[in-house]
Amino acid sequence: MGIAKNDIVLEIKNLNFYYGELQALININLEIKRNTITSIIGPSGCGKSTMLRCINRMNELIDDTRTEGEIFYDGRNIFDSDVDPVKLRRKIGMVFQQPNPFPKNIFDNVAYGPKMYGTRNRQKLREIVEISLKKAALWDEVKDRLLDKSLSLSGGQQQRLCIARTLAVEPDIILMDEPASSLDPIATMRIEQLLREVTDDYTIIIVTNNMQQASRISEYTAFINAKERRSGFLVEYGRTQDLFIKPQMKQTEDYISGRFG
Amino acid sequence: MNQAKLEKRAMLNQESFLSSKNDNIKSEWIKGRIFLLICIVSILFGILSLAALLIYVFWDALGWLNWQFITSTPSRFASKAGIFPMLMGSGFIIMLVALFSLPLGVGTAVYLEEYAPKNLFKKFIEINISNLAGVPSIVYGLLGLGLFVSFLDLTHGTILVGALTLTLRILPVVIVTSQEAIKAVPVSHRRASIGLGTTKWQMIRSVVLPESVPGIMTGMILALAVAMGETAPLIMIGAATSIFTAPRNIHSSFSSLPLQIFAWSDFPGEGFRHGVTPAAIVVLLVILMIMNGAAIYIRHRFSRDKN
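One line per chain: the protein sequences are A and B, in this order.
Residue 144 in my numbering sits at position 144 of the first sequence, with consecutive numbering throughout.
Residue 247 in my numbering sits at position 247 of the second sequence, with consecutive numbering throughout.
Quick caveat, the hints were computed from the structure, so don't treat them as lab data.
C-beta atoms are modelled at their ideal positions from N, C-alpha and C, and glycine is treated no differently.
Please note that the accuracy of each hint is not assured.
What the hints assert, rightly or not - What follows is a list of derived Cβ distance ranges for each label pair:
1. GLU70/A <-> GLY293/B: 57 to 63 Å
2. GLU68/A <-> PRO210/B: 37 to 43 Å
3. PHE233/A <-> TYR297/B: 19 to 25 Å
4. TYR111/B <-> GLY155/A: 49 to 55 Å
5. GLY258/A <-> TYR111/B: 28 to 34 Å
6. GLY107/B <-> ARG239/A: 50 to 56 Å
Taking the hints into account, I'd like the entire structure generated from these sequences.
Here it is, written out as structure tokens:
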């Protein structure tokens with residue numbers, strides 16, 4: 001299997017998702033390219049985050065939900081019965097909207113995943129922690145206090161710690177659900193910068209409400225809009241430049257020029 | 001509006017503006033004061049009666065509470081009487097109760113919070129557990145007698161039967177407080193773990209339980225303090241009210257501090273009523289205060305760690 005940038009790594013096909021009676025996603029079709037950053041934009045409540053959580057099957061933890069359709073990850077349908085969602089989530093990591101470090105020390109936060117996967121060797125864990133924190137551009141700030149509580153860090157540092165924690169398990173794809181929405185502009189810039197730096201090694205799908213952010217960091221952008229009753233559907237998907245400069249659809253143009261949403 | 005009118009209004013304003021003459025501020029202020037007074041009387045009632053109890057008991061215990069009292073066995077003579085076998089009995093029982101109720105209580109709580117499907121049956125069980133916490137302790141004594149002595153044919157009045165009975169007594173409390181502690185673990189931490197590709201058991205083991213340990217410990221200690229002071233169920237299962245030898249193993253007969261207090265309070269003679277009884281009460285109170293203090297300390301440590 002040749003791995004090259006811009007291969008299709010993830011193919012979402014006819015994806016429908018239901019919260020009980022409510023259909024939250026209507027027939028989504030999307031192809032995500034390897035080692036790129038793809039932004040998902042759209043008005044709040046349109047199902048962006050729901051779609052993200054379909055990709056690592058986190059939605060299944062919510063009661064009374066139903067998924068239809070297929071998502072192919074490197075050619076395998078992730079909903080096949082022999083796919084273990086735990087294993088899937090080791091390949092497709094997630095960074096959440098609010099920084100959610102564990103109330104453990106910095107080292108143990110980053111080492112959490114590897115430990116859970118069975119790495120016992122302290123030296124190996126130390127290496128993983130250092131590499132991950134360096135990738136997350138946090139190493140210099142915390143290298144002298146790895147045993148401090150994670151909650152002693154600032155919000156932006158906590159979010160980078162969460163990114164490091166995800167990087168430590170070496171996923172293929174990283175799902176990010178508005179990772180900078182609770183951060184100040186400087187912390188946001190830091191995170192955007194680090195995303196650009198790690199894109200050689202990871203495929204990143206980022207949900208964002210910030211259209212400048214989408215245009216700054218991503219190569220591809222998908223615009224999801226919602227019908228009444230909060231049912232999301234894909235309006236337009238393409239290269240970020242194209243979508244922002246000459247959108248094909250009227251809805252997209254209205255949204256990005258701020259006429260609604 | 002002409003000049004005269006404006007002047008008149010200014011005059012009026014001088015009088016009434018910001019003075020509470022013509023509205024309800026004054027009367028509401030008085031009502032507030034009355035309410036405050038009621039609150040103060042309420043709190044004084046509790047504090048004063050508690051203080052009276054403590055002073056009365058400590059005063060009586062003075063002179064009786066010494067090392068000899070702690071290390072001696074009961075006696076016909078108040079001046080020679082001590083609580084050593086009962087102290088050992090209480091300690092032994094509490095350790096066993098902790099040993100039994102921790103896994104049972106936490107196991108139940110984890111099942112209810114993490115595994116049980118959220119349906120009516122779970123609700124039904126939870127309501128029943130909460131109700132059980134309020135069942136009079138004598139009823140648990142009857143249950144213990146019926147279940148462990150009559151049905152399982154264990155010898156009545158032994159450490160084992162006593163511990164099992166008290167375990168039943170505090171289990172509802174342990175379950176409910178453990179559930180609260182588990183519920184308090186943020187969903188975001190659970191998601192973080194699952195999102196990193198851990199199994200549910202890994203998440204429970206490495207995130208939920210460590211984070212709920214302080215809450216569980218606090219509830220556990222408070223429940224054990226309840227067990228420590230429990231008297232009625234022990235009488236029911238045939239524990240001795242007074243005993244001369246400390247229990248050696250789980251099949252030994254035993255007595256506990258509150259049982260001895262109960263027994264002595266009925267003895268004739270000043271030395272028992274106003275000497276060794278209050279002295280034993282003081283010992284029991286001190287133990288309970290230490291346990292409660294430990295619970296408060298753990299809770300305090302935890303809330304400080306969080307920030």
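Legend entry - Hints not upheld, ascending by number: Structure breaks hints 3, 4, 5.
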